[in-house]
Amino acid sequence: MTVTENPRTYKYVGTRPVRHDGLDKVTGKARFAADLDMTGQLRAALVRSPHAHARIVSIDASKAEAMPGVKAVVTGADFADLDPTHPEFDMAVNLMARGEALYNGHVVAAVAAVTAAQAAAAAAAVEVDYEPLPAVLTIDEAIAKGAPIANTTNRTLFSGDAEPSNLASVNEFGRGDIEAGFEAADIIIEREFRTAAVHQGYIEPHACVADCGQDGKAVIWASSQGHFAVRSKTAAALGWSTDRIKVIPAEIGGGFGGKTTIYLEPVAVLLSQKAARPVKLVMSREEVLRATGPAPATKITAKIGATNDGEITTLQSTMYFDNGSTKGFSALTGAMSVASYKLPNLELHAIGTVTNTARSAAYRAPSAPQAAFAVETLIDELAQRLGVDPIDLRLQNAVVEGDATAMGMPHPKIGFVETLEAIKNSDHYNSPVPEGAGRGVATGFWFNIGEQSSATVNLNEDGTATVVTGSPDIGGSRASMALMAAEELGLAVDRITPIVADTESVGFTDITEGSRATFATGMAVVNACRELIEELKQRAATIKSADVERVEWVDGAAVIEGEDRLTIPEITAMAKNTGGPLTATASLNAAGAGPSFAVHVADVAVDEETGETTILRYTAAQDAGTAIHPSYVEGQIQGGSVQGIGWALNEEYIYDSNGVMENAGFLDYRMPVASDLPMIDAIIVEVPNPSHPYGVRGVGETGIVPPIPTLANAIAAATGVRMTSLPMSPPRLLAAITGGADG
Amino acid sequence: MRYAAPTTTDEALELLRSDPDSQVFAGATDLIPQIRAGRPEPSLLVDLKRIERLVAVSHDNGTWTVGAATPTSALTANAEFSSAFPGLSEASGLIGSDQIQNRSSWGGNLCNASPAADSAPALIVNDARAVIAGASGERTAAAADIVTGPGETSLAAGEFIIEFLLDDPPAGSSDAYLRLIPRTEMDIAVVGAAVQLTLDGDRVASAKVALGAVAPTVVRVPGAEAALAGSTLDDDTLAAVSAAASDACNPIDDKRGTIQYRRQVAGVLARRAAQIAAQRARSQPTQGNS
Ligand SMILES: Cc1cc2nc3c(=O)[nH]c(=O)nc-3n(C[C@H](O)[C@H](O)[C@H](O)COP(=O)(O)OP(=O)(O)OC[C@H]3O[C@@H](n4cnc5c(N)ncnc54)[C@H](O)[C@@H]3O)c2cc1C
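If you read the sequences in order, they're chains A and B.
Under this note's numbering, the first sequence has 578 at position 578, and the numbering climbs by one with no breaks.
Under this note's numbering, the second sequence has 44 at position 44, and the numbering climbs by one with no breaks.
For the record, the hints were derived by calculation from the structure and aren't laboratory data.
These figures come from a predicted structure and were not determined experimentally.
Backbone N, C-alpha and C define an ideal beta-carbon position, used for all residues, glycine too.
Check the hints yourself; a few may be wrong.
What the hints assert, rightly or not - Chain B is faced by these chain A residues, among others (derived, beta-carbon under 10 Å):
#1 Leu82
#2 Arg550
#3 Asp555
#4 Glu612
#5 Asn658
#6 Gly659
#7 Glu662
#8 Pro672
#9 Val673
#10 Met679
#11 Ser729
#12 Leu734
#13 Thr738
Please construct the entire structure, taking both the sequences and the accompanying hints into account.
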């Protein structure tokens with residue numbers, strides 16, 4: 001379902017063609033990094049620290065090196081010695097420990113051998129002498145007075161402090177007069193919230209193949225959200241120049257932010273260089289969970305004030321986000337994401353902590369879901385206390401264009417009010433709450449980003465086209481690129497082949513993150529198409545000996561003086577005689593990314609004797625600006641909702657007292673399965689972004705922001721119990737229901 | 001690691017005798033994940049699924065004979081079996097997912113000896129017996145006596161279960177199995193509760209109650225059985241069933257559930273399973289009428 005304010009009509013944009021990569025994916029033909037095999041290839045295995053924090057006294061690989069099939073061993077000593085102030089220092093130390101193992105699972109050495117079994121056996125035979133050090137495992141331990149230092153290389157960002165500390169970053173910002181704001185309030189609610197670390201849960205474990213040649217150059221086949229970033233990060237970790245590395249993107253089986261950093265590629269390159277053979281390195285699911293990307297655990301206190309008329313007067317919050325072993329994902333974006341309401345008085349503290357747990361990574365709207373859990377729970381309680389409809393209370397306070405964001409800049413044109421109204425008018429919200437169930441609503445948004453993209457459009461001899469970009473396609477973006485090219489050129493979508501090219505075959509392109517690919521790379525495609533159309537008009541003018549000023553581009557053809565038509569195939573057929581191949585390239589640093597707002601509503605039933613929550617109905621509305629391919633917009637909305645639901649109800653990192661993750665597998669790290677979920681009804685709202693030629697707003701991330709508070713609010717409605725810590729799993733919910741206390 | 005697929009029980013016994021480091025398997029849905037997780041590989045794997053008796057299901061002279069390697073999907077799809085033992089069928093149908101159930105077996109579920117095995121409590125309340133093949137011939141043991149502790153069974157080296165025997169339940173009987181998992185499938189029971197009971201008119205003539213995942217092995221709950229016997233399942237009885245079930249638990253605190261949670265939920269599930277079993281039994285002809 002689409003609720004649109006879109007004034008334009010399109011021929012291709014907004015249609016739902018089968019994605020170009022679809023058949024290969026459903027038939028198993030698509031090649032992911034772990035599917036690639038090179039002649040003479042070795043398999044590698046990693047040696048990981050069994051300690052949460054330990055000094056590495058010595059590493060003796062002599063036994064491993066003597067084992068059958070073993071061709072190379074590398075340790076931290078083989079890697080570039082980066083200065084701790086280098087922007088890639090934390091990434092580089094995370095992929096190979098130097099001097100200290102900083103968490104259980106931290107890689108301390110790697111082995112390459114002829115078979116995977118030989119590599120695993122040799123990795124187990126590498127002798128590492130550790131001196132265990134005191135470990136810091138939680139936010140509370142990290143900030144306790146006299147706490148041991150989790151990572152002595154850490155200095156606090158934005159503090160100017162030169163001493164090692166357990167704080168990764170401290171940010172403070174706000175406006176107005178916080179005290180006056182509370183004085184003006186008739187109702188003040190304050191709560192503390194806790195959330196556990198959770199994983200992005202991409203289905204494809206990290207994998208790569210590296211092949212280092214005698215010329216000192218390396219080719220890497222990798223699954224990532226950005227192969228140019230794989231190149232620059234690998235170069236940094238190795239101390240190489242970028243021209244020595246070529247990265248070929250494989251298909252990617254999900255990333256959700258977790259594949260914006262790297263773990264394997266520099267290790268595989270060094271092993272390949274030492275062994276003079278290609279090396280393949282593939283993580284197991286257990287390794288993925290133990291040592292890649294969780295989203296931060298949090299502790300958030302939030303205090304909100306409002307008048308009896310429902311005007312929110314003030315918000316004050318202190319948010320701790322645990323970065324893990326080194327600076328991972330920042331607390332700042334969480335604090336920034338509370339700006340859905342007009343807040344005349346605002347005080348936010350965003351603090352990142354460092355602990356001896358896996359380094360955190362970005363996860364879909366990074367840090368916003370945890371912050372939304374706190375703020376949207378308080379808004380719901382306000383509505384409850386005031387006796388007003390929770391959507392009406394939000395409409396009363398919703399930000400519109402020109403209102404201040406958390407950092408103070410004005411919001412651009414946004415569709416928050418329209419999205420609230422879409423839910424308010426939805427069939428779901430207007431149908432009665434099922435007997436015994438509870439209904440909850442919550443909202444969320446994400447800023448989205450622009451950044452750098454490049455695109456080339458090549459017209460083939462027969463008038464078909466190839467659209468070449470550098471944005472790995474993690475959510476159907478190739479189909480969207482083809483649709484935008486189709487719209488510009490007036491060429492049918494099935495005559496366009498969209499591809500993702502390697503780092504040497506397309507201009508630099510930033511990572512597919514921040515919901516930017518369809519927005520920014522799409523804009524590069526549109527610009528390249530527009531340039532190509534100018535060239536096509538020129539060629540048509542040449543063919544017809546007409547003045548180019550008299551040529552127009554209409555519906556996929558050059559129209560000369562309003563009558564004579566030349567189609568793309570007719571022009572490309574003559575290309576050789578009119579100036580050669582038809583191709584155009586565009587690069588940009590896109591400005592004007594449009595924030596996307598979402599409003600979710602859920603009906604849940606809670607078994608008050610077992611603590612089980614069943615989601616009976618779930619509807620999510622989100623502003624897409626313009627939905628280029630509505631199916632993939634709906635897919636993003638549904639996928640984000642489902643990840644948020646898993647985070648809310650069952651997902652959590654469970655560590656034992658030694659910092660060992662106890663549930664490093666999908667059996668006990670409980671992501672939702674299909675039968676746990678109702679159909680997620682997606683409502684696409686279209687308030688076009690004026691900064692994009694078709695009005696696109698990124699839609700990839702916002703969907704994960706509202707589900708946690710949506711379900712917490714629904715559970716409160718069903719049971720009367722306010723859950724303030726995650727996950728709201730059956731044992732915790734039952735304890736809260738029967739004990740009255742929060743789980 | 002070698003693989004062998006014998007077609008007779010004698011051939012299987014011979015293979016097991018030939019290599020002390022051999023292991024039988026049926027669906028391998030426990031075996032393969034365990035080896036992948038680092039458990040030492042046996043030197044010889046003996047596949048039981050090619051032996052006809054191990055995958056045969058029959059119903060003769062008041063007794064059901066179910067091959068120990070029969071995929072559980074064959075049981076849930078068997079309408080006659082499922083109406084005779086709805087709870088046992090239900091328990092078998094909860095294992096994993098459709099894909100898992102096309103492989104998973106009772107023999108594997110029981111002999112893997114996980115405290116959380118879903119079919120175990122339901123087999124036990126239905127008085128299932130196991131026919132065991134061994135070097136000195138066949139013997140029969142109660143299903144309740146197979147598992148002795150987590151990962152441990154009473155089977156001697158070289159023995160395996162050929163088939164399970166289940167007598168037709170008396171008229172007026174039925175069973176039920178309920179489990180709690182935090183998801184709807186692909187998970188391991190935090191608590192499982194099986195109840196089998198026989199009605200005599202409005203009253204319960206006899207009942208059996210067993211709990212899974214709350215102790216090192218399946219536990220029978222004599223207190224609940226005694227409370228049910230002779231009762232009309234009134235509220236006091238049901239409260240007593242709950243209390244006895246909670247008391248019978250000897251659980252651990254782990255990532256899947258706390259001690260307190262398991263106790264609480266065991267009481268709830270035992271009570272609900274008793275109600276479901278009774279409701280099902282009521283729709284059967286009672287003893288008095290047969
Ligand atoms: C994704 C997934 C989900 C699962 N979900 C559940 C669940 O919900 N509930 C549940 O209870 N289990 C579950 N399991 C575990 C497993 O599927 C069951 O225990 C299943 O019944 C095992 O049967 P199998 O035939 O595959 O056993 P196998 O793996 O073949 O064997 C298991 C063990 O039993 C021994 N064994 C097998 N047959 C015999 C025999 N005839 N005589 C003597 N020893 C024998 C084997 O040597 C081995 O030690 C799940 C497993 C997976 C992978």
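Against the structure, the hints:
1. Leu82: Violated. Min distance 34 Å.
2. Arg550: 65 Å, violated
3. Asp555: Asp555/A check fails; min Cβ-Cβ to chain B is 50 Å, beyond 10 Å.
4. Glu612: Cβ of Glu612/A sits 7 Å from chain B, so the hint holds.
5. Asn658: 14 Å, violated
6. Gly659: For Gly659/A, the interface hint is violated, since the closest Cβ of chain B sits about 15 Å away, which is over 10 Å.
7. Glu662: 5 Å, holds
8. Pro672: Holds, about 7 Å.
9. Val673: 5 Å, holds
10. Met679: Hint on Met679/A: violated, closest Cβ of chain B at ~15 Å, above 10 Å.
11. Ser729: Because about 6 Å separates Ser729/A from the closest Cβ in chain B, which is inside the 10 Å limit, the hint holds.
12. Leu734: Leu734/A check passes; min Cβ-Cβ to chain B is 6 Å, inside 10 Å.
13. Thr738: Where the cut-off is 10 Å and the nearest Cβ of chain B is about 7 Å from Thr738/A, the hint holds.
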